[in-house]
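> Next come the chains, spelled out residue by residue.
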Amino acid sequence: MFFEQLLQQVINGLMLGSIYISVAVAFTLTIGILNFLNFTIPALYMLAGMVGWSLSHYGLPFGISGPLNWAVALLIGIVCAILGSLLVERFTYRYFKMKHGDATEHAIPLVSSLGFLLIFEYLILIAHGSDTRGFSTPFSNTDLRLFGFIISIPQFLSLIFSILIVAGLSVLLNRTKLGRALRAIAENPEVATLMGIEVNKIVPIVFVMTGFLCGVSASIFAINYHEVSPYMGDHVGTKAIAAMVIGGLGSVWGAIAGGLIVGLSETLSIYFFGASSAQITVWGLLLILLVFKPTGLFGHNAIGKGKF
Amino acid sequence: MTGYMSGVLAILGINIIFAYSIYITAATGQLNLGGAGFQAIGAYASAILSNEMGFPIGLTLIFASIFGGLISFLIAFPILRTKGVYMVLATFAIAEIVAGVILNSDYLGGPTGIVVNDYIETELILIVAVTVVLFGFYLMSTRIGLAMRAVHDDDAVANLMGVNTRAIQIGAFTLGGAIAGLSGGLYALYFGFVEAQYFNANISIFVLLFVLIGGTQTAWGPLIGASFFTLIPEALRIGDDWRFFIFGIIIVGMMIVRPEGIVTRDALDRVWFKILGKTNV
Amino acid sequence: MSDTILKISNVSKSFGGVKVLENVTFEVEKGNRHALIGPNGAGKTTLFNVISGIHEPDEGRVFFEENDLTQFPSRKRIEKGLSRSFQNIRLMPHLSVLENVMLGQYSRFGIADLLKPLNFSIESTGKIEATETLKRFRIDLYEGRTVSSLPYGVRKKIEVVRALMAKPRLLMLDEPAAGLNTEETDELRKFLNEVSDSGITLLLVDHDMPFVNSLCQQVSVMNFGQLIYNGNVPGLRKDKKVLDAYLGSDD
Chain C
1 MFFEQLLQQV
11 INGLMLGSIY
21 ISVAVAFTLT
31 IGILNFLNFT
41 IPALYMLAGM
51 VGWSLSHYGL
61 PFGISGPLNW
71 AVALLIGIVC
81 AILGSLLVER
91 FTYRYFKMKH
101 GDATEHAIPL
111 VSSLGFLLIF
121 EYLILIAHGS
131 DTRGFSTPFS
141 NTDLRLFGFI
151 ISIPQFLSLI
161 FSILIVAGLS
171 VLLNRTKLGR
181 ALRAIAENPE
191 VATLMGIEVN
201 KIVPIVFVMT
211 GFLCGVSASI
221 FAINYHEVSP
231 YMGDHVGTKA
241 IAAMVIGGLG
251 SVWGAIAGGL
261 IVGLSETLSI
271 YFFGASSAQI
281 TVWGLLLILL
291 VFKPTGLFGH
301 NAIGKGKF
Chain G
309 MTGYMSGVLA
319 ILGINIIFAY
329 SIYITAATGQ
339 LNLGGAGFQA
349 IGAYASAILS
359 NEMGFPIGLT
369 LIFASIFGGL
379 ISFLIAFPIL
389 RTKGVYMVLA
399 TFAIAEIVAG
409 VILNSDYLGG
419 PTGIVVNDYI
429 ETELILIVAV
439 TVVLFGFYLM
449 STRIGLAMRA
459 VHDDDAVANL
469 MGVNTRAIQI
479 GAFTLGGAIA
489 GLSGGLYALY
499 FGFVEAQYFN
509 ANISIFVLLF
519 VLIGGTQTAW
529 GPLIGASFFT
539 LIPEALRIGD
549 DWRFFIFGII
559 IVGMMIVRPE
569 GIVTRDALDR
579 VWFKILGKTN
589 V
Chain D
590 MSDTILKISN
600 VSKSFGGVKV
610 LENVTFEVEK
620 GNRHALIGPN
630 GAGKTTLFNV
640 ISGIHEPDEG
650 RVFFEENDLT
660 QFPSRKRIEK
670 GLSRSFQNIR
680 LMPHLSVLEN
690 VMLGQYSRFG
700 IADLLKPLNF
710 SIESTGKIEA
720 TETLKRFRID
730 LYEGRTVSSL
740 PYGVRKKIEV
750 VRALMAKPRL
760 LMLDEPAAGL
770 NTEETDELRK
780 FLNEVSDSGI
790 TLLLVDHDMP
800 FVNSLCQQVS
810 VMNFGQLIYN
820 GNVPGLRKDK
830 KVLDAYLGSD
840 D
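Chains as they are written, first to last, in my numbering: chain C, 1 to 308; chain G, 309 to 589; chain D, 590 to 840.
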């Protein structure tokens, strides 16, 4: 009986982890390719969820309506996250690259992205207040019972979906011309420019991916847990950062492993030690890793060592 | 002094003290994104000391700082193994762990918090704030301050110049923790109530922004940064949500116009030049 | 025979399997102006880094005034009387010229002096001495300015002055003349002669042969991590190994 319960917790943990994966990949991509810790990511995630909720609640623009209202609303939410991400690119990353090159203080884009975090968060708070909102989709009770274990179908699908997206991303990075260009930029932006790579056109693609990953992850969250809130980004954002560090900064597959590990340790420590213990377990694990093995499980040595 | 004015000044004083705690670490090139954790340590320490042990106010505050400094000193050793982004994340993790420990401890009141019996007036906060600001200026004007700024710029060369870079970093981190503890103690005694949820990631982010926007090159930075961001919203008399929205816009704009902060050495030199007609060194 | 101030004995160092220094042995005599030359990648800067303690040698020992410094922490070598400048200027970009120079004095002060505010011109803070040194070397004009905006030649000079402020007995300069124009090089030579006259031993790495020729009494040549010549400057031209290293051997 104990082992069955434990196994159920493991399943729940992996499902929870699947939510973190996409956001962790968004973090790890920007830091791996651009050496930029983008603190706006949790806000982009929240932006997608809240825009999706607001459109499905108040109705779509131009009087469009139909059975898939909620899906269209989420889609528009994802687009908003992408646009928001491009705004961040324009006013933090590109601007500082142009003005200061690579050598000056890396803290500048980081601080600027914190500014955008506040802008997006409080914009939504001004528009919709701080309440948690219910998000209704046709899938209300879709648990699958398999050998006595409860597996939620949307959660399971979202786990598969996250892994597929990341696998696709991995192929993109390793097999395509765009991937080669991105890896060249990660290695050395100046050399990449000399090699004829149009850095200013490629870098926005990273931010499009970031926005897309956040948007998709927020949509999955909304469908699974039937709720969104202006603070949904904070929780997922901090856990995704933990997942990124555990997996190793800059490693896409590491982010998947990290996301699952964080999800697992969160549910297991809640199961064994009570609801509020997860915070200590997850962050304690992270701190130990940062101090003793800062490259994480699959990380690259050179990333993030820059001075502030 | 009206109640409103006195409240604003108390918050201003606490924010300025808190900003100097982060500034002293930042001046050596270490970004601490876990300020709230160190402030929480001081706040809870003074709540316990004052309630359970019956310490007088002065002693409570002194021990809150010592406690904050001691814990910072102990974690400085592992933390300073990390660099750059890793240090930002490690300090962030520490604040989360501190909040987690408080939430899980019945002795510390868990999620419900603790009511503090003793209380202080705004005047005391202002006196302490002025002292901390003067101390900040004094420290940065000594050769130790010079060494701190040298470690910020190039720790390898500073080391060859005979500066004990590790001692400077650990010392700055410890001192920062002590001052953050002091600001937490003042917070607990002024508001008469502490709860873990107050000391959240946003608080850590705000105080770091005060310092970075104010500028880390001179001791003016945290004073100007904390005052600017505490007083401007009060002057504009706007709602909380709008306040932080505008805060965000100012940050993005500031990073574009003055990425090294409001007060830089060169700007200060120009001001001195206008006032004195000569350069101040 | 004069005294030896610095003795490198059988020093070897490799990085990732590549031997950068191979069994290097040489001595610097007290009061001498000694040059270390050689093609790019010969290991001169690595040798400097071994002497100043940035790298620990794999084998061999470094002696300074009879003390074995091999295991000695790099931070404390400046107190022993050994200071250096860097090939790529490494001044503190956010400190003023005066402050950069005052950083050079750091090792000479005890903890009580470290806690005195520098802005009150008390004798013991060293500020007066630093200001006067800047005056003596004619860079006082810039003293309040941050260094990043200054001309290259001035920054090079500030680096040398900073190293001097530690009152070393051995001053090591890594390519002090690189990037300077003729006028600046002449000035540097005069300046280093003054330094040498005050009793400080000079060890410098440089590529500029006329400069080395006119300044130094002793020269050591390195090639591929090995010391191939050690002697006076005129003897250089007759040495076959040196000619091979610079002009390429016939086979």
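Keep in mind that the hints were calculated from the coordinates and are not lab data.
Warning: the hint list may mix true and false statements.
[As the list claims (entries may be wrong)] In silico lysine-lysine, BS3-like type, Cα no more than 27 angstroms apart, as pairs:
id	chain 1	residue 1	chain 2	residue 2
1	D	K665	D	K619
2	D	K724	G	K582
3	D	K669	D	K619
4	D	K779	D	K724
5	D	K705	D	K724
6	D	K665	G	K391
7	C	K293	G	K582
8	D	K669	D	K705
9	D	K756	D	K705
[Stated by the list, open to error] Have a look at the derived ranges for each label pair, beta carbon to beta carbon:
id	chain 1	residue 1	chain 2	residue 2	range
10	C	E190	D	N770	26 to 34 angstroms
11	D	I700	C	I202	48 to 56 angstroms
12	G	I374	D	I700	42 to 50 angstroms
13	C	H235	D	D657	55 to 63 angstroms
14	C	A167	G	Y415	46 to 54 angstroms
15	C	Y231	G	G366	35 to 43 angstroms
[Stated by the list, open to error] Short, incomplete list of chain G residues facing chain C, as computed with Cβ under 8 angstroms:
id	residue
16	G362
17	F363
18	V393
19	V396
20	L397
21	A401
22	N412
23	L416
24	F555
25	G556
26	M563
27	V565
28	P567
29	I570
In this text the structure is predicted, and so the values were computed from the model without any measurement.
No residue lacks a Cβ here, since even glycine has one placed at the ideal position from N, Cα and C.
> Identify every previously stated hint that the structure contradicts and give their numbers, smallest first.
Failing hints, ascending: 7, 12, 16, 17, 23, 27, 29.
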